[in-house]
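Asker: Letter by letter, the chains look like this.
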Amino acid sequence: MKRKLEISELVFKIISYTLLTMFAICCLYPFIYTISASISGYRAVQYSEVVLLPKDIQFEAFARMFNDNMFWNSYTNTLFLTFYGTIWELVLSILGAYALSKKRLLFRKGFNFFLVFTMWFSAGTVPQYLNYLDTQRVFGTVGITDDKWLVVIAMGMAAMNIILLRNSFEGVPSEIEEAAIVDGATEMQVLWRVYIPMSKSIIATVALFFGISRWNGYYWAKTMMKNANEHPLMVYIRNNLEKYQDPEQMAGWNENYAPDSLIYAMIICSIIPILIIYPFIQKYFAKGVNAGGVK
Amino acid sequence: MQVSDYLIFDEESGTYIEDPEQAVRDDVEKHHWLNVLRTVLKDWRLYLMLIPMILVFLFWRYFPMYELLGCFKMPDVIKSVAEQNYVGFSHFKTLIFGNAMSSISPEFWRAFRNTFLLSFYGLLFGFPTPIIVALFFNEIRSNIARSVLQVATYLPKFMSTVVMTSLIVMLVKAGGQMSGVGALSQMLEAIGAIDHETAMRGLLHMPQYFRAIYQISGIWEGAGYDSIVFFAAIIAISPTSYEAAQMDGAGKMAQMRYVVLPSILSTIVIMLITRIGSLLSIGYEKVILLYNTDTYQTGEVVSTFAIRYGVNSEGATGGGVSPGKGLASAAEMMNNVVGMLLVIGANTVARKASDVSLY
Chain A
1 MKRKLEISEL VFKIISYTLL TMFAICCLYP FIYTISASIS GYRAVQYSEV VLLPKDIQFE
61 AFARMFNDNM FWNSYTNTLF LTFYGTIWEL VLSILGAYAL SKKRLLFRKG FNFFLVFTMW
121 FSAGTVPQYL NYLDTQRVFG TVGITDDKWL VVIAMGMAAM NIILLRNSFE GVPSEIEEAA
181 IVDGATEMQV LWRVYIPMSK SIIATVALFF GISRWNGYYW AKTMMKNANE HPLMVYIRNN
241 LEKYQDPEQM AGWNENYAPD SLIYAMIICS IIPILIIYPF IQKYFAKGVN AGGVK
Chain B
1 MQVSDYLIFD EESGTYIEDP EQAVRDDVEK HHWLNVLRTV LKDWRLYLML IPMILVFLFW
61 RYFPMYELLG CFKMPDVIKS VAEQNYVGFS HFKTLIFGNA MSSISPEFWR AFRNTFLLSF
121 YGLLFGFPTP IIVALFFNEI RSNIARSVLQ VATYLPKFMS TVVMTSLIVM LVKAGGQMSG
181 VGALSQMLEA IGAIDHETAM RGLLHMPQYF RAIYQISGIW EGAGYDSIVF FAAIIAISPT
241 SYEAAQMDGA GKMAQMRYVV LPSILSTIVI MLITRIGSLL SIGYEKVILL YNTDTYQTGE
301 VVSTFAIRYG VNSEGATGGG VSPGKGLASA AEMMNNVVGM LLVIGANTVA RKASDVSLY
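These protein sequence lines are chains A and B, in that order.
My numbering numbers the first residue of the first sequence as 1 and each following residue consecutively.
My numbering numbers the first residue of the second sequence as 1 and each following residue consecutively.
It cannot be assumed that every hint is accurate.
Label-pair distances were calculated between CB atoms; the ranges are [to be verified]:
| id | chain 1 | residue 1 | chain 2 | residue 2 | range |
| --- | --- | --- | --- | --- | --- |
| 1 | A | D246 | B | P207 | 20 to 28 Å |
| 2 | B | L272 | A | V91 | 54 to 62 Å |
| 3 | B | I191 | A | I32 | 55 to 63 Å |
| 4 | B | S241 | A | E175 | 52 to 60 Å |
| 5 | B | S263 | A | K13 | 33 to 41 Å |
| 6 | A | T76 | B | Y121 | 35 to 43 Å |
| 7 | B | A212 | A | V142 | 44 to 52 Å |
So these bits of chain B aren't anywhere near chain A, every CB distance computed over 10 Å [as the list claims (entries may be wrong)]:
| id | residue |
| --- | --- |
| 8 | S90 |
| 9 | S102 |
| 10 | G310 |
Honestly, the hints are just simulated from the structure, not real lab data.
We put the CB at the ideal spot given by N, CA and C, even for glycine.
Pulled out of the complex, with its shape left as it was, chain A reads as follows:
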């Protein structure tokens, strides 16, 4: 009896290790392949001869990308959108979530429904597009002609993240707040000194979600920004991909590297910042996901 037990456990353990390792390799392999392909020679990439390690190493694809002003432009734009976008969303969400977490707020249920309804029903892409066009016009009349601000201010703000923050704020014991109020703290001080420090991990998680979605944003930036100088990195990458997948572009190609290497190089540059912050934020995932899930 005892022996049978051990075998079934051992088999399951071996299966777990094997399949998870395979899955992890599948997750990591594309990134390693991307690095190798970006520094491999023309023939190796064009005929997919790269398997794991680079072949006929060249760095000209990177050099060409770094010499492209549009690349630096788009990188700066993405940094701008991510920085201001995250701050804008975070400040508004924290203030709103704090107010919503207070039971003394009148029409609290109504405000909650106002948020949650946007998770149930969205008007759709066409009305949204028309709305952004109107916004663009209104912004234009007040002197904001730069579409960057349109993207920062009008896009984003997910109800789910606000509810996450609200739930976390609701979990702060009211005694601490009362003590602070007795000591003469104002509403802002209570939020700043009590609530924010006590919900650090949820705020970090939410900031991460905001930041990632800003960094990765594509469709609306592409649709609403008519001026190519304003395009963020993702739009830049996609436009280049479309350009170099076109056989006509290939006809006159006589470089040392394949056009795909250029795209791979761009992809590497676009994920480096995420890879840098990834180890620091990784510990917050579990908390954030659990707080967001079952409530």
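Position chain B relative to chain A; hints supplied.
Answerer: Only chain B this time, still in chain A's reference frame:
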């Protein structure tokens, strides 16, 4: 989350009692606008904090809903939606039953069917995978090995759709005179999953592969990250439960069946209901980036259909004077209304079944 706004925890008696102040607040809300004003003024800072968020949602979530009036009106390039003429339900009729002048109705039904199938297959294959991954993670006792595997498998979630789809486009690219097929196509050909001709034509140009590519890339992206919530439920199981089962002679499978599964069932049910609720909200970004004219047949979903007819105006071929916008918003509205009914239905079922409401 609190049970109700009316109940507060009373420490003296150790039970929930009715909050006397809530009744006062209800009174204030119900009775007189002057009372409301007085209460608001007293707490003006709190309301000031709320206003920016409310305005953002109002301007960019609710104002678009006003534009939905366009579903019932004749689109016009110059006139705003308020000035356009009503055409009643004709856009909906054209989409559902078709008309003699256009072929838009079959296209709409195709998009609707694709939306449903893409999300249904996502549920069928994408939902169980994270649970299995979480079960496997539970078997790995070494903390270091588990952390390494977790770090690796969570990573794809943070790649942007553009990066992921660019990789797919390049890895399964078609072969030509000047180039070979993509690395992934080559691999698949080597193991016999696809034949040479398919690989040469490029997987993204073959309608029959679109759904598979969409689902597999979705699982690659999300299975690791989505397992977090299930894994958290599994590690919360007390070790004594396993020990008791082992004492009774339960093998690994029996332990799974009688210990692990019942313990994480509530999490599974809730996540399942959430998934069913979002059954029709397929993200358009990934589809736009993956599909092309060759794969409209299986790839086009309602939102990309709407974008093609309503946003990229060159697609307006509905017959009559560019009714693209009206038709497109009508199509998406039908999709989103059905989606909303699913969310509300799923939420009601959740509340009835397990006393947990998702919202």
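Asker: Work down the list of hints and note, for each, if the structure agrees.
Answerer: Here is what the structure says about each hint:
Hint check: D246(A) to P207(B), Cβ distance near 21 Å, so the stated range 20 to 28 Å holds. At about 35 Å, the beta-carbon gap between L272(B) and V91(A) misses the expected band of 54 to 62 Å. Checked against the hint of 55 to 63 Å, the C-beta distance between I191(B) and I32(A) comes to roughly 20 Å, which is inconsistent with it. The hinted window of 52 to 60 Å between S241(B) and E175(A) is violated, with their beta carbons roughly 36 Å apart.
For the pair S263(B) and K13(A), the beta carbons lie near 20 Å from each other, so the given range of 33 to 41 Å is not met. The supplied range of 35 to 43 Å is met by T76(A) and Y121(B), whose beta-carbon atoms lie about 40 Å from each other. Take A212(B) and V142(A): their Cβ atoms lie about 49 Å apart, and the range 44 to 52 Å holds. Every CB of chain A is more than 10 Å from the CB of S90(B) (nearest about 17 Å), matching its label as outside the interface.
At roughly 18 Å, the least C-beta separation between S102(B) and chain A is larger than 10 Å, which holds for a residue marked as non-interface. G310(B), annotated as away from the interface, has a beta carbon of chain A within 10 Å; the closest lies near 4 Å.
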